[in-house]
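Colleague: Using the numbering used here, the first residue of the sequence shown is number 6, and each one after it goes up by one.
Derived by calculation from the structure, the hints in this document are not laboratory data. Note that the coordinates shown come from a computational prediction; the quantities given were computed from them, not determined experimentally. One should not assume that every hint holds.
To be verified - Below 27 Å or equal to it, Euclidean Cα-Cα: the simulated DSS-like pairs (lysine-lysine) are: (1) K155 with K129; (2) K129 with K153; (3) K75 with K86; (4) K299 with K326; (5) K322 with K399; (6) K86 with K129; (7) K54 with K155; (8) K129 with K145; (9) K86 with K155; (10) K54 with K86; (11) K299 with K333; (12) K155 with K145; (13) K123 with K155; (14) K123 with K86; (15) K155 with K210; (16) K54 with K123; (17) K437 with K326; (18) K123 with K153; (19) K86 with K153; (20) K322 with K299; (21) K299 with K399.
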Amino acid sequence: MKKIFIRITAAAISAFLAAASYGAVPISAVADKESEVTIHFDLSEEGVKVEDNQYGNPQYIYDFSGEPGKSRRLSDLNLEKNGYTFSGWTFNGVQAYAPGDVIQFPDTDATLTPVWSKNSDSVKYNVHYEAICDTGTFSKEGRLPDFKRKAGELVEIPIDVFYHPENTYSQIGWIYDGTSYLGQQKIIMPSHDIELTPNWMRRCKFTYSVGDVDRVSGIISQELERIAGLPTNLAEATRFLRIGFRNTGWLCSADGKIYPPEYYYTMPDEDVVFTAVWEPVTYTVVFRPNPENKENLINIDAQTDTTIVCPDINITKPGYKFTGWDYKGTIYQPGDEFFIYGELTGLGILLEAVWVEENVPELTDPVYGDANCDGEISLPDAILIMQAVGNPDKYGLGGSDPSAITAQGMLNADCNSPGDGITNLDALAIQKYCLNLVELPVTQILE
Numbered sequence: 006m007k008k009i010f011i012r013i014t015a016a017a018i019s020a021f022l023a024a025a026s027y028g029a030v031p032i033s034a035v036a037d038k039e040s041e042v043t044i045h046f047d048l049s050e051e052g053v054k055v056e057d058n059q060y061g062n063p064q065y066i067y068d069f070s071g072e073p074g075k076s077r078r079l080s081d082l083n084l085e086k087n088g089y090t091f092s093g094w095t096f097n098g099v100q101a102y103a104p105g106d107v108i109q110f111p112d113t114d115a116t117l118t119p120v121w122s123k124n125s126d127s128v129k130y131n132v133h134y135e136a137i138c139d140t141g142t143f144s145k146e147g148r149l150p151d152f153k154r155k156a157g158e159l160v161e162i163p164i165d166v167f168y169h170p171e172n173t174y175s176q177i178g179w180i181y182d183g184t185s186y187l188g189q190q191k192i193i194m195p196s197h198d199i200e201l202t203p204n205w206m207r208r209c210k211f212t213y214s215v216g217d218v219d220r221v222s223g224i225i226s227q228e229l230e231r232i233a234g235l236p237t238n239l240a241e242a243t244r245f246l247r248i249g250f251r252n253t254g255w256l257c258s259a260d261g262k263i264y265p266p267e268y269y270y271t272m273p274d275e276d277v278v279f280t281a282v283w284e285p286v287t288y289t290v291v292f293r294p295n296p297e298n299k300e301n302l303i304n305i306d307a308q309t310d311t312t313i314v315c316p317d318i319n320i321t322k323p324g325y326k327f328t329g330w331d332y333k334g335t336i337y338q339p340g341d342e343f344f345i346y347g348e349l350t351g352l353g354i355l356l357e358a359v360w361v362e363e364n365v366p367e368l369t370d371p372v373y374g375d376a377n378c379d380g381e382i383s384l385p386d387a388i389l390i391m392q393a394v395g396n397p398d399k400y401g402l403g404g405s406d407p408s409a410i411t412a413q414g415m416l417n418a419d420c421n422s423p424g425d426g427i428t429n430l431d432a433l434a435i436q437k438y439c440l441n442l443v444e445l446p447v448t449q450i451l452e
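Input sequences plus hints: build the corresponding full structure.
Modeller: The following block contains the structure:
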């Protein structure tokens, strides 16, 4: 036979206690209530006193205050009354708290009264846990045997629960006299037998969906299971990834409301679909005139699925002609419309200017070492190479300085191990040539 009995740990029950609101709890949390409330201890009954300490000195139980919904541990001191045994405290005569239990502050001031069992009372009443569900009763397999308590003693709700025989419900605590209680809560034994039955709560489908949208990267839906009546935190905004959009909330199929991400939501007794609510991302579209630096940038703010007009270039580059804006291999001209498709999170939208040389002279065979193309091989050639290598924006090919190296100069300058481009070793080769130490081109690598 399949076992239908499980045990929920104290930690798990504590988590449920923190999350769920049960009719058995005569106090409820109100998050937006800032004023303090007071829990009063009624010790006015004749003959009642707080037990003395081990040295015979009197002790006291004081009223205390706190914010509604917050928790506090009760005093663990016992009360004394001739002919009676102190069991604990109660707000309503049904649910009780043993000394030292944690209690939650109610919405308004409230009074705890003592619970007593009479010492001379020899009659005990039966506590029975019935294994029952919507399909009838089932075997407890020897678990949770009956036991007896005197009137006024406390009965602790067990943390043991059953599996539903058809696996369509989950048991969350026990029902006594029409009220649900969680494990480790306590009730006062009345002057008659009592029966507790499982509190079955339906297991419902809980689905997240991206909705009928495009540009989704990754999963488009996620189906989970939640228990009706219990709260849960809705998913974070990053549950799904849609290019160019961000998730601002979840549209609930049960009530048509939109809830923010990570909202504290109580599961209804039905299947629910939460559909992502999308908002277009606003980008700063960057047009970079010079791919070699970050100066003179042109920034235009625009949202996903909108169109902007590509701007005119705002700089000139001597010896070069601007031919358009490059975005992932597509060239846009000033005045063209650019559609904002969007990008993955963390990526921006960048268009770079495309420049081509104007009036490019036909290259001749290299005159190795003549970097400045003046017909001589001298120290200024070595200096120009070092400038072009050290400051390419100004002295490199297409640089802003009128004396910047030309395409023919680049060919001439590559005089140390020709074909590897210009480096400071080319400048060194020219200096050694001027000292009659080498011939150009130098085919071996200089040290």
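Colleague: Each hint needs a verdict: does it hold in this structure or not?
Modeller: How the hints compare with the structure:
1. K155 with K129: 4 Å, holds
2. K129 with K153: 6 Å, holds
3. K75 with K86: Violated, at about 31 Å.
4. K299 with K326: 19 Å, holds
5. K322 with K399: 11 Å, holds
6. K86 with K129: Holds: K86 and K129 sit about 21 Å apart, inside 27 Å.
7. K54 with K155: Measuring from Cα to Cα gives roughly 22 Å; hence the hint holds.
8. K129 with K145: Holds: K129 and K145 sit about 23 Å apart, inside 27 Å.
9. K86 with K155: Answer holds: K86 to K155 is near 17 Å, not above 27 Å.
10. K54 with K86: 7 Å, holds
11. K299 with K333: At roughly 19 Å apart (the allowed maximum being 27 Å), K333 and K299 satisfy the hint.
12. K155 with K145: Roughly 25 Å between the alpha carbons, so the hint for K155 and K145 holds.
13. K123 with K155: 8 Å, holds
14. K123 with K86: Holds, at roughly 10 Å.
15. K155 with K210: 44 Å, violated
16. K54 with K123: Cα-Cα ~16 Å, so holds.
17. K437 with K326: This hinted pair is violated, its Cα atoms lying about 38 Å apart.
18. K123 with K153: Within the cut-off at roughly 15 Å; holds.
19. K86 with K153: Between K86 and K153 the Cα gap is close to 23 Å, so the pair holds against 27 Å.
20. K322 with K299: Roughly 15 Å separates the two Cα atoms, so the pair holds.
21. K299 with K399: Within the cut-off at roughly 14 Å; holds.
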